[in-house]
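Colleague: Sequence:
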Amino acid sequence: MDTTYQRLVASDSDALADFLINEPWPFHGPTVLDRATIRQRVRDGFYDGDDSRTFWIGEGGERVGLIRLFDLADVLHGGAPLFDLRIGGAHRGRGLGGQALTWLTHYLFTEFPGLRRIEGTTRQDNRAMRRTFLSSGYVKEAHHREAWPGEQGRVHDAVGYAILRRDWLSGVTTPPDWNDE
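For the sequence shown, the numbering used here assigns the number 13 to the initial residue and increments by one for each residue that follows.
These are computed hints drawn from the structure, not numbers from a lab. Glycine residues also receive a C-beta, built at the ideal position from the N, C-alpha and C atoms. It is possible that some hints are incorrect.
Unchecked claim - In silico EDC-like cross-links for lysine to aspartate or glutamate, where the CA-CA straight-line distance does not exceed 16 Å:
1. Lys152 <-> Asp169
2. Lys152 <-> Asp137
3. Lys152 <-> Glu131
4. Lys152 <-> Asp179
5. Lys152 <-> Asp189
Said to hold, decoys possible - Simulated DEER-style distance windows between Cβ atoms:
6. Gly183 <-> Glu163: 37 to 43 Å
7. Asn34 <-> Asp63: 24 to 30 Å
8. Asn34 <-> Phe124: 30 to 36 Å
9. Asp83 <-> His155: 18 to 24 Å
All chains should be modelled from the sequences, with the hints used to inform the complete structure.
Modeller: What follows is the structure in structure tokens.
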């Protein structure tokens, strides 16, 4: 089945709210959003504006996931964009996350020719996303202890990954020098 990526438009605010409110997001922090907040964020450009772009992930005509790219303005100053990748619960475990990560990597490096790197962070216990990063050419660059607030006051380690344009172009990953001290 073909996977599609369609840019979010303002009229999608109710569908976006349904998607974000009606799904459990165990690895996305304790933030609980309500419909009014999501609609306001759409109006304010949080999901699509000068600094962000959001895309629906589609499969078989159904919206099954979401990619939000943000900190895009940082690219103009040599920085790296970040992203939020969400796959609906009924569609997890089928490789859609890897397809979406590959797509967003290609999109960003193509859309922003001066972009040198793309960064992503996930919780240490999100094993699926960590495997997805590695299988998509991203390299582990950071491990931040007790840096990700979770439910009920629990704090998780955060793990940072990145891909360099030169690695993406060559297909060869270059790990950081962990023995530099």
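Colleague: Which of the listed hints are broken here?
Modeller: none
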